[in-house]
Every structure is written in structure tokens, then in C-alpha cells.
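A.B. asks: Given the coordinates of chain W, work out where chain C should sit on it, guided by the hints.
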Amino acid sequence: MENLSYAVVQVVHNFGAVAVVGGAVVALYSGATAALHHKLAWLVGFGWTAQAISGMGFAAVSYYYYDQFPDIHDIAMAALLIKMSCAVFGVSLVIIYLRYSATLAIERRHLIWILLAALGITALTAAAFLRWFS
Amino acid sequence: MRILNLLAISFFLGCYVPVVLAADASVTISSPTDGAKISSKSKIKVSYDVTRGQQGDHVHLYVDEKEIVVLRKLKGDYTVEPLDAGKHAICIKIVNKGHTPIGVQACTNVNII
Chain W
1 MENLSYAVVQ
11 VVHNFGAVAV
21 VGGAVVALYS
31 GATAALHHKL
41 AWLVGFGWTA
51 QAISGMGFAA
61 VSYYYYDQFP
71 DIHDIAMAAL
81 LIKMSCAVFG
91 VSLVIIYLRY
101 SATLAIERRH
111 LIWILLAALG
121 ITALTAAAFL
131 RWFS
Chain C
1 MRILNLLAIS
11 FFLGCYVPVV
21 LAADASVTIS
31 SPTDGAKISS
41 KSKIKVSYDV
51 TRGQQGDHVH
61 LYVDEKEIVV
71 LRKLKGDYTV
81 EPLDAGKHAI
91 CIKIVNKGHT
101 PIGVQACTNV
111 NII
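Here the protein sequences line up with chains W and C, keeping their order. Be aware that the first sequence starts at 1, since it is given in the working numbering, and climbs by one per residue. Be aware that the second sequence starts at 1, since it is given in the working numbering, and climbs by one per residue.
The shape of chain W in the complex, shown without the other chains:
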């Protein structure tokens, strides 16, 4: 059951990662319409939320089975903080986009998508360090 719990959390985390990077990249390079951009913003927002919740899920599963959180330090802790920051900024940017995209200049909207893609790529890169360092 422990492995299944970790696996279920990992599935959510992986699909969240796909959404945050894939959604932003598609928005940047597909020439999508404003309506599709709006849907992609929701997708990226859900992706970041899934990342945040499933990230806490890993800690929760560890605590449930071992009464301890993962034992991470230094590089891994820095990577975790980077990922958490990316999630906070990512959700914030999505909220800004969804709320103000109708009034934002096209350059500003484009900048938001660039930032969202950069945050996604940064978080995925940090994830590798979090996985292999501790």
C-alpha cells in the first residue's frame, strides 16, 4: 500500500508537470486563439495546483508510514524551495492572466506565457536535483 500511495501521488505530480510546461509551451508556439489561451491558462493553473498538492502528498505519505518527513538537506532543500517558489509564482501569474488578460497588451500576455514556461522548466530541473540529492 505504501508503494501504491507514492505511485498515485507521483502520477498526479507527473501530470501536473506536463500541464505546467506543456500548457505554456503550446500557448507560446501554437498560435492559439485568445479563447484557447484562456483554457490553457486554466490547465497550467490546475497543473501548478496539482504540483503543490502532490508535493505535499509525498511528505504526507512518508509521515503516514514512518512518522517522519523525507530527510533532505542542502541541495535537495534548495531544490524544494525553488519548486515551491515556482508553484507560488506560477499560480499567481495564472490568476493575473485569467483576471486581466482581456485588458492586458499582447506583449504583456506573451511575457506571462514566457514566464510560466520558464517557471515550469525551472521546477522540472529542480525536481531532478530533489530526486537525486538529499
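You may find that some hints are simply not true.
[Claimed, not checked] FRET-style restraints, in silico, Cβ to Cβ:
hint, chain 1, residue 1, chain 2, residue 2, range
1, W, Leu4, C, Asp64, 43 to 49 Å
2, C, Lys87, W, Val18, 30 to 36 Å
3, W, Ala118, C, Lys73, 35 to 41 Å
4, W, Ser101, C, Asp49, 22 to 28 Å
5, W, Ala60, C, Ser42, 39 to 45 Å
[Unchecked claim] Lysine to aspartate or glutamate pairs mimicking EDC-like chemistry, simulated, CA-CA at most 20 Å apart:
hint, chain 1, residue 1, chain 2, residue 2
6, C, Lys73, W, Asp71
7, C, Lys45, C, Asp84
8, C, Lys75, C, Asp34
9, C, Lys97, C, Asp64
10, C, Lys43, C, Asp57
11, C, Lys97, W, Asp71
12, C, Lys97, W, Glu2
13, C, Lys45, C, Glu65
14, C, Lys97, W, Glu107
15, C, Lys75, W, Glu2
16, C, Lys43, C, Glu65
17, C, Lys87, C, Glu67
18, C, Lys45, C, Asp24
19, C, Lys43, C, Glu81
20, C, Lys37, C, Asp77
21, C, Lys87, C, Asp64
22, C, Lys66, W, Asp71
23, C, Lys41, C, Glu81
24, C, Lys66, W, Asp74
Don't read these hints as lab results, they were simulated from the structure. C-beta atoms are modelled at their ideal positions from N, C-alpha and C, and glycine is treated no differently.
C.D. replies: Chain C only, in chain W's frame:
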């Protein structure tokens, strides 16, 4: 009744088998021996042997509760840099794939002079 039996068996397997398998994990530190006196100028070679069990994946090595290194080899040596004079505890804990200690560890105390 048959469904109840199946549920009972599933519950038993789900709850108890992992605990039994986790109990197979073990850590042995063969060097330095407990209470060893070591010069403050000497590096400390830690020799260890790990059986990770069902839930373990790799080990973390600690000096005085501070994590020093992640070790993925289950048997071998690791050289700790010279320590300050005094008593120090060198511990190795088995952790799972998510870096969570599974509760199996070994420690050796050294006296640095």
C-alpha cells in the same frame, strides 16, 4: 461471506506483509568500532554493509545527526573528513526512494583525540 473472506485476506496482506518485509532490513558498521579513539588529524574510514529490505532504497550517512552524504552502494567504505576533538556519533540510516528513513539504522561512537 466469500467477499468478506476476500476483504479480510486483502486487509491482512495490505497491512501486515510490508511490515514483515521491512523487518529484513539491516545496517552494520564494521569500522570504526564503537568507542574507537582516532586522531583529530586522521580521516575516518567508515566500512558498512546494508541489507535494504523491501522498503529501503539507499542510505544516508550522518555525523552527529548532520547528514554528510547519500550512499547508493549497499556495501563499501566512505571516508569522513577529520573531526574536531571530542565524542562524535557516526550513523547510517536506511531510507526509501523518497529519502524517508524507514527506521533501520546503525551508529558507532568515536572519540577524537
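A.B. asks: If you test the structure against every hint from before, which numbers come out violated?
C.D. replies: 1, 2, 4, 9, 10, 14, 15 and 18
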